[in-house]
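Line by line, the protein sequences are chains A and B.
With the first letter of the first sequence counted as 1, position 27 gets the number 305 in our numbering; the numbers rise by one all the way through.
With the first letter of the second sequence counted as 1, position 86 gets the number 522 in our numbering; the numbers rise by one all the way through.
Please keep in mind that the hints were generated in silico from the structure rather than gathered at the bench.
Don't take each hint at face value.
[As the list claims (entries may be wrong)] Listed next, with one range per pair, are the computed distances between beta-carbon atoms:
no. : chain 1 : residue 1 : chain 2 : residue 2 : range
1   : B       : V465      : A       : T285      : 29 to 37 Å
2   : B       : S550      : A       : S357      : 42 to 50 Å
3   : A       : G281      : B       : A542      : 22 to 30 Å
4   : B       : S450      : A       : P348      : 48 to 56 Å
5   : B       : Q478      : A       : S305      : 19 to 27 Å
6   : A       : T374      : B       : S445      : 32 to 40 Å
7   : A       : E331      : B       : A453      : 28 to 36 Å
8   : A       : G320      : B       : T491      : 45 to 53 Å
9   : A       : D318      : B       : A453      : 31 to 39 Å
10  : B       : T513      : A       : A292      : 28 to 36 Å
11  : A       : D318      : B       : G444      : 18 to 26 Å
12  : A       : R386      : B       : A453      : 30 to 38 Å
13  : B       : P466      : A       : Q345      : 39 to 47 Å
14  : A       : G294      : B       : T491      : 45 to 53 Å
Just so we're clear, the structure is a prediction, and the values are computed from it rather than from any experiment.
A virtual CB, placed ideally from N, CA and C, is assigned to each residue, including glycine.
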Amino acid sequence: DSGVTQTPKHLITATGQRVTLRCSPRSGDLSVYWYQQSLDQGLQFLIQYYNGEERAKGNILERFSAQQFPDLHSELNLSSLELGDSALYFCASSVTGNTEAFFGQGTRLTVV
Amino acid sequence: AQSVTQLGSHVSVSEGALVLLRCNYSSSVPPYLFWYVQYPNQGLQLLLKYTSAATLVKGINGFEAEFKKSETSFHLTKPSAHMRDAAEYFCAVSDGVGGNKLVFGAGTILRVKS
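Same shape as in the complex, but just chain B (with noise of 0.2 Å):
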């Protein structure tokens, strides 16, 4: 069975900081691996996702996530955070064999101050 655990249900960052948002995942194949982001009453928009090609995955606004299969480990980072961050994040792990069901974190909430 896979499983993801997703470290911190809320973050907090300034206007320009780096962000973290961690996810660690558990999976008996070689997974595919997603984040995806919601914005207040709406639905879920991939930002990135790794299909066992490079390691690091850039995605959408600005995001990229790297893949390190020793630490079980796929955090997603921006090195400079905007206002219009603000959301939920998700991440997700696929076996991507005879279907591609999501199973997702909890989720993380991403409050960026200014």
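In isolation and in its complexed conformation, chain A is listed as follows (with noise of 0.2 Å):
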């Protein structure tokens, strides 16, 4: 158990929803990084937190939006969802933004 936990585990949606995935980082670690896993393009960075501000970007869509909140708990929203926004995404925390990260077991959302 790596100490990040994300809800929900699983997700099914149709086109064209709105879902909210969330992700609580292990005790004490600031930032926060979300990654997507699918099978064409593998895992790609989306997108950094650092202690509530955002720190990077990576090839996150327009349609997708993250926040961390106070509480450095963070949120990661997908609208007008697509078939090809199924995957598996991954939270991961770290006590910087220097030093490794360490991975939630993901959410599998699935989009029908």
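Could you use the hints to bring the two separately framed chains together as a complex?
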């Protein structure tokens, strides 16, 4: 158990819908990262937050957004969902932005 | 920009044999390099990391990796494979500056035959 908690574990939704994925980082970790793992794109970095502020952005679509709250948990919001958004979404956390990241078990999103 | 190439999407070894998973990286700055393992239906677990200290890095579960700057490589090895090593392995690179976002390779699925 990495100490990073992601909910829900599985999510099935229809095209055009909006979902929110939640991540609780390890105790004491200030930085949160979101990654997407899909069969065609592999593992891709989406976005990083550090102590509530956006630190780095990767291949995140405009339909997706994230935030980190004062209690350091983070949410990834995915809207206007398409079939191609079906993937495993991982959250990771680290103490700072420059130490190794620990990954949660992921949320498997299926868009039908 | 940074990138990682993992040679061989599938590697098959016999139990007790040497495991060698290949990783080459490209980075314009001194890299931080990582190996992660992913078991079926689970998240990623850090095996080991290189952060410019010793070039030979020892990790968990008997794995180790050697950083070779001249070859831009960071291959993962284990002297003797166990059935429990069957999983997917990812090599990743980070610039470690201003953020720890990881650039992953495509992954190598390791199969261990009895």
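Query raised in the report: Holds or violated: 48 to 56 Å for the Cβ distance of S450 (chain B) and P348 (chain A)?
Result: Distance hint for S450 (chain B), P348 (chain A) holds at roughly 53 Å.
**Report entry** Range hint compliance [Cβ, S550 (chain B) to S357 (chain A), 42 to 50 Å]
**Finding:** 48 Å, holds
Requested in this report: May I ask you to test the hint 39 to 47 Å on the CB atoms belonging to P466 (chain B) and Q345 (chain A)?
Outcome: 32 Å, violated
Requested in this report: Indicate whether the distance between the beta carbons of T374 (chain A) and S445 (chain B) respects the range 32 to 40 Å.
Outcome: 34 Å, holds
Query raised in the report: Is it true that G281 (chain A) and A542 (chain B) lie within 22 to 30 Å of each other by Cβ?
Result: Since the Cβ atoms of G281 (chain A) and A542 (chain B) sit about 27 Å apart, the hinted range of 22 to 30 Å holds.
Query raised in the report: Is 18 to 26 Å right for how far apart the beta carbons of D318 (chain A) and G444 (chain B) are?
Result: Holds, since D318 (chain A) and G444 (chain B) (Cβ atoms, about 19 Å apart) stay within the stated range.
**Report entry** Distance restraint evaluation - D318 (chain A), A453 (chain B), Cβ atoms, bounds 31 to 39 Å
**Finding:** 32 Å Cβ-Cβ, so the 31 to 39 Å window holds.
Query - Pairwise beta carbon distance, R386 (chain A) to A453 (chain B), judged against the given window 30 to 38 Å - result: 33 Å, holds
Requested in this report: Using the Cβ atoms, figure out if E331 (chain A) sits within 28 to 36 Å of A453 (chain B).
Outcome: 48 Å, violated
Report task. With respect to the beta-carbon atoms only, verify the hint that Q478 (chain B) and S305 (chain A) lie 19 to 27 Å apart. Result -> 21 Å, holds
Query - Whether the CB-CB distance between G294 (chain A) and T491 (chain B) falls inside 45 to 53 Å - result: For G294 (chain A) and T491 (chain B) the Cβ distance comes to about 51 Å; the hint holds.
Query raised in the report: Can the suggested window of 28 to 36 Å be confirmed for the beta-carbon pair T513 (chain B) and A292 (chain A)?
Result: 46 Å, violated
Going through the hint list in order, the structure does not satisfy hints 7, 8, 10, 13.
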